[in-house]
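Build out the structure end to end from the sequences listed, making use of the hints.
As you go down the protein sequences, you meet chains A and B in turn. Note that the first sequence covers residues 1 to 126 in our numbering. Note that the second sequence covers residues 1 to 161 in our numbering.
Among the clues, some could well be false.
Simulated DEER-style distance windows between Cβ atoms [said to hold, decoys possible]:
(1) A:E35 / B:R119: 37 to 45 Å
(2) B:H73 / A:R68: 50 to 58 Å
(3) B:E24 / A:E35: 34 to 42 Å
(4) A:E38 / B:V88: 42 to 50 Å
(5) B:T65 / A:G28: 43 to 51 Å
(6) B:V88 / A:G66: 58 to 66 Å
(7) A:N34 / B:E91: 40 to 48 Å
(8) B:V62 / A:K108: 31 to 39 Å
The hints are simulated quantities; they were obtained by calculation from the structure and are not laboratory data. All residues carry an ideal CB built from backbone N, CA and C; glycine is no exception.
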Amino acid sequence: MARAATTTDAFNAVAEPRRRQILDVLAGGERPVNELVEALGIAQPLVSKHLRVLREVGAVHVRDEGRRRLYRLNGRALKPIHDWVSRYEGLWSERFELLDDVLDDLKKEEDDGDDEQRDGGRDAPH
Amino acid sequence: MATTSSGTAVVTLPTDTTIQITRELAAPKHLVYKAYTTPELVRRWWHANRGEMTVCEIDLRVGGTWRYVMIAHGGFEVGFHGEYREIVPNERLVSTEVYEAIPDGQAIDTLTLTEEGGRTTMTILVEHASREARDGHINSGMEDGMQDALDRLEQAAVSLL
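Here is the structure:
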């Protein structure tokens with residue numbers, strides 16, 4: 001009940017797969033609505049609805065050029081998400097670096113303890 | 001002989017409730033599996049240099065349990081535990097995972113190992129029951145400042161109410 005409306009932050013805005021798709025397309029540069037409609041293959045009103053949500057959180061900016069409305073990505077609004085996930089990514093990156101060392105040791109052990117083993121054939125069914 | 005540098009982990013959020021972690025490792029999959037399921041070896045990498053691992057229990061059989069606890073630098077304790085659901089040695093491991101700070105939220109972890117040319121791609125898919133729980137899990141990956149992480153955790157917990 002006390003929760004914020006789903007459109008009020010960038011996290012919610014990008015939770016919707018179609019909206020992420022729109023952001024992916026816009027990552028390639030500014031686009032008019034009709035090109036987004038084409039790229040997504042869904043009806044224009046639906047695209048417009050998603051664009052409105054993205055605009056409300058500042059994830060996209062819009063400008064008029066003659067009769068066309070052009071949308072572009074605003075990376076700054078998405079930075080909190082990037083920061084948030086990259087912290088978690090950092091944890092795993094560090095885990096994997098330590099795992100690399102463990103695996104190096106295991107490979108050495110295996111080579112030392114099993115000199116007779118030939119290359120290949122490891123995946124042979126047994 | 002092998003160079004081990006394989007780049008960083010790639011974390012994606014494929015859906016509202018999932019996290020996927022992928023990394024290539026310079027070793028065949030049976031060794032990756034061993035490093036992932038042997039307590040003495042898990043103790044060497046799971047802490048990610050963020051603290052000291054105080055508990056590492058693995059009862060590797062379907063229905064068996066696991067529990068990892070770390071005292072992070074700064075004294076804060078983080079614990080995770082779960083139960084093994086599906087075991088295909090060297091290939092696939094499915095288990096439940098509970099972050100003990102949010103005991104109500106249980107995730108399903110699926111580890112998949114695929115080998116090519118002696119190198120292994122490791123994929124961990126974490127499936128949560130809700131987006132809030134998923135977000136709380138990501139927040140548990142604290143890096144700089146425990147308090148920040150605790151604040152986020154608290155936010156996530158409050159949003160579950």
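Structure-based check of all given hints:
1. A:E35 / B:R119: 37 to 45 Å: holds, 40 Å
2. B:H73 / A:R68: 50 to 58 Å: holds, 54 Å
3. B:E24 / A:E35: 34 to 42 Å: holds, 35 Å
4. A:E38 / B:V88: 42 to 50 Å: Since E38 of chain A and V88 of chain B have Cβ atoms about 43 Å apart, the given range 42 to 50 Å holds.
5. B:T65 / A:G28: 43 to 51 Å: holds, 47 Å
6. B:V88 / A:G66: 58 to 66 Å: holds, 60 Å
7. A:N34 / B:E91: 40 to 48 Å: Because 47 Å falls inside the window, the suggested range holds.
8. B:V62 / A:K108: 31 to 39 Å: Given about 32 Å between the Cβ atoms, the range holds.
Checked against the numbered hints given earlier, the structure satisfies every one of them.
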